[in-house]
Amino acid sequence: MAAPPQKLRWGELEEEDDGGDLDFLLPPPVVLGPDENGVKKTIQYRFDEEGNKVKVTTTTRVRKLARARLSKRALERRSWAKFGDAVHEDVGSRLTMVSTEEIVLERPRAPGSKAEETNIAGDVLAAAGKAGAVLMVCRTCGKKGDHWTSKCPYKDLAPQTDGFIDKSLGPENAASASGTSKGTYVPPGMRGGDRSGVEMKRRDENSVRVTNLSEDTREPDLLELFRAFGPVSRVYVAVDQKTGVSRGFGFVNFIHREDAERAINKLNGYGYDNLILRVEWATPRPN
DNA sequence: CATGAGCGA
1 MAAPPQKLRW
11 GELEEEDDGG
21 DLDFLLPPPV
31 VLGPDENGVK
41 KTIQYRFDEE
51 GNKVKVTTTT
61 RVRKLARARL
71 SKRALERRSW
81 AKFGDAVHED
91 VGSRLTMVST
101 EEIVLERPRA
111 PGSKAEETNI
121 AGDVLAAAGK
131 AGAVLMVCRT
141 CGKKGDHWTS
151 KCPYKDLAPQ
161 TDGFIDKSLG
171 PENAASASGT
181 SKGTYVPPGM
191 RGGDRSGVEM
201 KRRDENSVRV
211 TNLSEDTREP
221 DLLELFRAFG
231 PVSRVYVAVD
241 QKTGVSRGFG
251 FVNFIHREDA
261 ERAINKLNGY
271 GYDNLILRVE
281 WATPRPN
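Okay, so the first sequence: first residue is 1 according to full-length UniProt numbering, each after it adds one.
Note that these hints are calculated values from the structure, not bench results.
Any given hint might turn out to be false.
As the list claims (entries may be wrong) - Pairs of lysine-lysine, DSS-like flavour, derived with a Cα cap of 27 Å: (1) K242 <-> K82; (2) K53 <-> K40; (3) K55 <-> K266; (4) K41 <-> K53; (5) K55 <-> K72; (6) K72 <-> K82; (7) K242 <-> K40; (8) K242 <-> K41; (9) K242 <-> K55; (10) K41 <-> K55.
Note that the structure is a prediction, hence the values are computed from the model and not measured.
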């Protein structure tokens with residue numbers, strides 16, 4: 001019996017664009033790199049609507065630097081003794097186990113579930129007071145149909161929910177997620193009940209700038225270093241968007257100003273990764 | 001040396 005004709009999958013179909021029949025006149029595409037920074041350049045040629053030959057260069061970053069070293073912590077983990085099911089495996093030292101643990105996936109909005117009955121979109125429209133209104137939900141305070149995030153009166157006052165947050169501190173972060181009705185997804189901005197706004201703290205407060213960081217210092221490293229002084233609400237390391245390489249400076253925000261001050265006093269001039277850190281108050285970000 | 005990213009109708 002002859003094999004059935006191989007069907008083309010959609011991904012294998014040739015892309016058809018206008019003027020495609022003339023494409024053989026164009027130079028073949030050139031792919032440069034990826035270089036040692038993982039930056040890949042693709043040079044393609046095509047005809048535009050007027051039939052002019054145009055050159056299109058796209059730059060993409062393919063992956064992290066191949067030469068990037070493992071962090072100290074990762075190296076340390078390599079030397080850990082195997083445990084669990086892996087104890088009996090002898091597949092060499094770099095072993096990734098497939099978990100045999102059963103994980104039940106919850107589907108809060110599954111058909112028939114309680115959550116399904118509440119129609120969020122309808123909610124929003126009602127709040128906006130008009131049918132066909134846009135889905136305008138402020139991501140800062142969670143208010144619906146009132147203003148956009150950028151116009152939020154609490155813009156800089158909301159507790160920080162994005163970025164790097166020290167989850168080990170206090171129940172606020174973990175507990176707030178489960179605070180409201182169980183099983184229903186609650187957007188970060190709406191967690192934590194009452195939003196009268198009075199008790200909200202400025203989130204960009206107590207911001208400490210850290211400069212002279214080594215290239216491979218990342219946010220987790222900074223957190224490790226600074227959390228000793230008190231609860232940290234945010235860590236940020238500036239990274240070159242194109243190469244992914246650290247720009248050598250970052251910010252750490254503390255919940256308490258005194259902690260920030262102690263961190264500055266202790267860590268400014270501190271030797272870290274063979275460089276001398278500079279730690280000082282950050283001037284507030286312009287906006 | 002150096003002051004952050006996203007974000008709409």
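Results for each hint:
1. K242 <-> K82: It is violated: about 38 Å lies between the C-alpha atoms, which goes past 27 Å.
2. K53 <-> K40: With a Cα-Cα distance of about 23 Å, the restraint between K53 and K40 holds, given a limit of 27 Å.
3. K55 <-> K266: Between K55 and K266 the Cα gap is close to 54 Å, so the pair fails against 27 Å, i.e. violated.
4. K41 <-> K53: Holds - the C-alpha atoms of K53 and K41 are around 19 Å apart, at most 27 Å.
5. K55 <-> K72: Between K55 and K72 the Cα gap is close to 44 Å, so the pair fails against 27 Å, i.e. violated.
6. K72 <-> K82: With Cα atoms ~19 Å apart, K72 and K82 stay inside 27 Å; holds.
7. K242 <-> K40: Holds, at roughly 11 Å.
8. K242 <-> K41: holds, 12 Å
9. K242 <-> K55: holds, 21 Å
10. K41 <-> K55: At roughly 12 Å apart (the allowed maximum being 27 Å), K55 and K41 satisfy the hint.
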